[in-house]
Amino acid sequence: MGEVVWIEVLSRHRDVIARHRCGDDVVRIGRAYDNDVVIDDPYVAPHHARIVRHPADGLIVEDLGSLNGLFLDREQHRRDRVALGDDRTIRIGNTRLRVRTADHPVAPERPARAEARHGILLAALIAATLALAPLGEWLTDTAEPKPSRYLLPMLGLSIIVLGWTAGWAVLSRVFAGQAQFERNLAIALSGVVGYWLYHGVVTVFGFGLAWRGLAPYEATGMWCLIALLVFMHLHAIGPSRPWLKAAVVSALAGAAIAMNVVNQLDPLGGVDQTNLLRNFLPPALRLTGLRSEGAFFGQVRELKAQLDRDRATEFNETAAATQAPSK
Amino acid sequence: MSPLRAIASFCTAVVIGLVAVTPAARADSPAGPTVVPSPDAAAAPSSAAERVYAAARPRLLQIRTLVAAAGRQSLIGSGFLVSADGLAITNYHVVAQVALEPALYRLEYTAADGSTGKLALLAIDLANDLAVVRLDRTGAPFFAFDTRTLPDGVPKGERLYSMGNPLNLGFTIVEGTHNGLVERSYTERLHFSGAINPGMSGGPTVTADGRVVGVNVAKQLGSDLVSFLVPGGFAASLLARARAESTPPTNFRAEVGTQLAAWQATLYRRLADAGFRETPFGPYQAPESAAPWFTCWSQTNSDQIPKPRATINATTCNSETRLFVANDLATGLISFTHSYIRSVDLNAFQFASFLSQQNQLSWIGGWSRKWNTPRRCHEDFVDASQSTHHPALRVGWCARAYREFDDLYDIWVMAVTQDSASHVLVSRLNFQAVGYDAGIALTQKLLEAVQWAK
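Those protein sequence lines, which keep their order, are chains A and B.
Numbering of the first sequence is given in the working numbering, commencing with residue 1 and proceeding in unit increments.
Numbering of the second sequence is given in the working numbering, commencing with residue 1 and proceeding in unit increments.
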């Protein structure tokens with residue numbers, strides 16, 4: 001054979017755990033120490049398989065009569081021999097193996113600038129968070145000015161962000177082998193800054209356009225934001241199957257949004273009781289013209305029809321209830 | 001604004017008569033003749049009250065509302081006979097459950113001699129909290145009404161005797177003094193300085209010669225011996241009306257709706273007739289009702305420590321027009337609140353936050369699914385007047401319908417001036433049980449009157 005091949009041991013998530021360089025014609029794989037590639041997996045036979053070069057088929061892996069057999073990755077029926085072209089992964093016992101030849105193409109070198117940009121992005125996000133948090137506090141501060149009012153929420157926010165980031169870093173470490181703390185932190189912080197921007201826009205439009213209906217549905221956007229955040233964290237752990245991840249995350253967010261909407265539409269939920277003239281901003285942020293008195297009361301008049309409909313529908317319900325006990 | 005509510009509740013007379021205890025008192029006595037009792041030679045009464053009570057005793061009733069299915073009392077009050085054919089007067093609030101839910105409740109009386117029997121509801125007067133009931137027996141002695149016209153006929157200080165069955169302890173007579181009509185009350189009420197207690201509702205208050213001056217109706221909670229009577233004249237006219245009707249109404253629920261609609265129409269007409277006066281608030285002026293039956297209270301936060309960063313000067317005017325409709329429904333309040341709020345050292349955003357916080361506290365109470373639909377609201381920036389002498393307003397409007405009373409709504413309006421980032425006038429209006437279009441017209445008129453001070 002002569003030609004060098006690399007035997008790669010893969011994790012469940014197809015990340016490389018170990019690499020063995022082999023230059024012999026026959027590569028023997030098993031748990032025993034007389035093999036070329038020793039695998040510490042109790043479900044692997046002492047002499048489990050061997051890789052040979054076949055004149056016609058190229059590299060072939062053959063089962064050497066093991067108990068648990070030889071499988072192509074993700075397949076359920078055992079095979080005696082597998083041709084190893086096309087970057088195939090095989091499974092023996094609980095171990096996944098991949099064979100690569102020396103001419104296997106690799107990705108071009110990544111420029112170091114990109115990493116530096118990540119650093120700048122993270123620094124910018126931290127700076128934005130540190131600036132926006134007290135600004136938000138300050139704009140709504142109506143009590144005695146006290147430093148603790150600014151420090152405490154910052155502390156709380158830091159704990160939440162760090163906790164969230166640490167959680168994802170641990171998941172990332174477990175499933176991808178590396179914590180990627182900076183990347184997860186950047187994602188978390190962009191979520192925080194994104195929420196503030198979103199909340200600001202909703203507040204300004206809710207007040208400026210007198211859209212009373214906007215506030216109860218603010219949570220909808222928040223769920224979307226959380227879903228996007230979770231997706232980005234999942235994507236950071238491993239880029240495989242993005243559609244499945246997106247689908248799961250969207251389904252969960254969709255369920256949360258649907259619950260919120262159903263709650264709001266519930267006639268007894270009382271959407272209208274809670275959010276009338278609730279959020280004030282300086283009058284300069286009015287984005288719409290003044291409604292004429294006639295137009296305003298015209299719209300108020302339209303509520304009457306709605307109220308009368310409410311009265312009709314619900315009255316029947318109680319009328320039935322009160323009449324029930326009569327003889 | 002929340003402290004204002006505490007004051008407001010202090011000023012509201014609370015209806016009495018809502019106690020439920022098992023009856024115990026038992027006695028018997030002869031039926032007296034007609035009205036004016038005369039001292040008996042055999043056993044000379046030692047006091048005027050003893051004489052009045054001896055004569056009144058066979059004419060008094062305890063009126064009990066029973067849950068029809070259980071046959072037990074759910075509410076007790078008092079009443080008194082006013083005719084030989086078995087008609088008696090009591091309060092509407094004593095018989096309200098029967099009027100509104102005839103399938104669930106029925107009425108029963110207990111006389112001072114322990115005899116009991118059934119009562120039929122004949123007529124109600126929602127506005128004056130009165131009802132006429134018919135006993136299942138006739139021929140008992142009865143009370144006559146004092147015919148002196150009020151308020152000048154009965155002098156202040158005249159001794160009156162109030163009777164009834166307080167707290168189910170047995171029939172009782174209470175001495176007190178007459179103090180004329182209650183001032184600044186929309187509903188005519190006599191002020192009686194005597195101890196009226198729960199259970200005495202619907203009982204008579206009589207002069208020393210045993211003629212009915214008024215019907216016990218309410219006491220002021222949190223005060224001493226401040227009690228209220230419905231003037232006897234209203235009872236006499238309701239009695240006449242009940243006699244004139246050949247058949248009593250069968251559906252008192254509808255009758256309550258009709259009377260409520262008539263009552264509120266009069267109330268809002270009188271509100272409009274009384275007119276409004278412009279009251280200054282900082283650089284603004286806002287309308288307040290000139291009707292005498294409004295009580296206004298002012299409140300400021302300027303004396304708070306730590307020094308508030310925005311000062312609030314608020315005036316709340318509430319009408320003294322609460323009307324009892326059911327145990328869980330009193331309506332008819334009209335309320336105006338104007339708050340002038342000025343920033344001390346808050347910037348524009350902080351001042352806006354301050355306003356938001358104030359407003360979150362200001363939407364009073366929940367709603368009852370039984371009587372009302374949920375609120376429907378609308379808000380916008382409004383140019384509320386044709387003249388140039390007025391600020392732009394942010395107006396919010398909420399209304400809910402009374403489910404059983406057609407074209408009656410509770411309406412809340414809040415208007416906030418939008419011409420400055422450092423001071424505002426917040427006007428809140430609350431109209432209970434008003435017609436929708438009447439509510440709009442009134443609101444429109446009041447919003448137009450929110451102006452810069454001239």
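Keep in mind the hints are simulated off the structure, nothing from the lab.
All C-beta atoms, glycine included, are put in the ideal place defined by N, C-alpha and C.
Keep in mind that a hint or two might mislead.
As the list claims (entries may be wrong) - Derived CB-CB ranges, DEER-like:
#1 B/Q357 to A/H118: 38 to 44 Å
#2 B/V344 to A/A284: 41 to 47 Å
#3 B/T300 to A/L122: 49 to 55 Å
#4 B/V344 to A/A124: 34 to 40 Å
#5 A/L265 to B/A103: 32 to 38 Å
#6 A/P153 to B/A254: 53 to 59 Å
Said to hold, decoys possible - Interface residues of chain A toward chain B, partial, derived using beta-carbon atoms under 7 Å:
#7 P239
#8 R241
#9 L287
#10 F297
#11 R311
To be verified - Derived pair list, reagent style BS3-like, types lysine-lysine, alpha-carbon separation capped at 27 Å:
#12 A/K304 to B/K445
#13 B/K445 to A/K146
#14 A/K304 to B/K307
Structure-based check of each hint:
The hinted range of 38 to 44 Å is satisfied by B/Q357 and A/H118, whose Cβ atoms lie roughly 41 Å apart. In this structure, B/V344 and A/A284 break the distance hint of 41 to 47 Å, their C-beta atoms being roughly 20 Å apart. A hinted range of 49 to 55 Å holds for the C-beta pair B/T300 and A/L122, which are about 51 Å apart. Judged by the Cβ atoms, the range 34 to 40 Å given for B/V344 and A/A124 holds: they are separated by roughly 37 Å.
A beta carbon spacing of about 34 Å between A/L265 and B/A103 agrees with the range 32 to 38 Å that was offered as a hint. Hint check: A/P153 to B/A254, Cβ distance near 58 Å, so the stated range 53 to 59 Å holds. Because the closest C-beta pair between A/P239 and chain B is about 43 Å apart, greater than 7 Å, the hint is violated. For A/R241, the interface hint is violated, since its Cβ never comes within 7 Å of a Cβ in chain B; the closest pair sits about 45 Å apart.
Look at A/L287: its Cβ only gets to about 10 Å from chain B, farther than 7 Å, so that hint breaks. Given the 7 Å rule on beta carbons, the hint for A/F297 holds: about 5 Å separates it from the nearest Cβ of chain B. Look at A/R311: its Cβ gets to within about 4 Å of chain B, closer than 7 Å, so that hint holds up. For the suggested pair A/K304 and B/K445, the alpha carbons sit about 19 Å apart, so the restraint of at most 27 Å is met.
Distance hint between B/K445 and A/K146 is unfulfilled; the C-alpha atoms sit about 45 Å from each other, more than 27 Å. A threshold of 27 Å between alpha carbons decides the hint, and for A/K304 with B/K307 the separation of about 44 Å lies outside it, so the pair is violated.
Against the hints set out earlier in the document, violations occur for numbers 2, 7, 8, 9, 13, 14.
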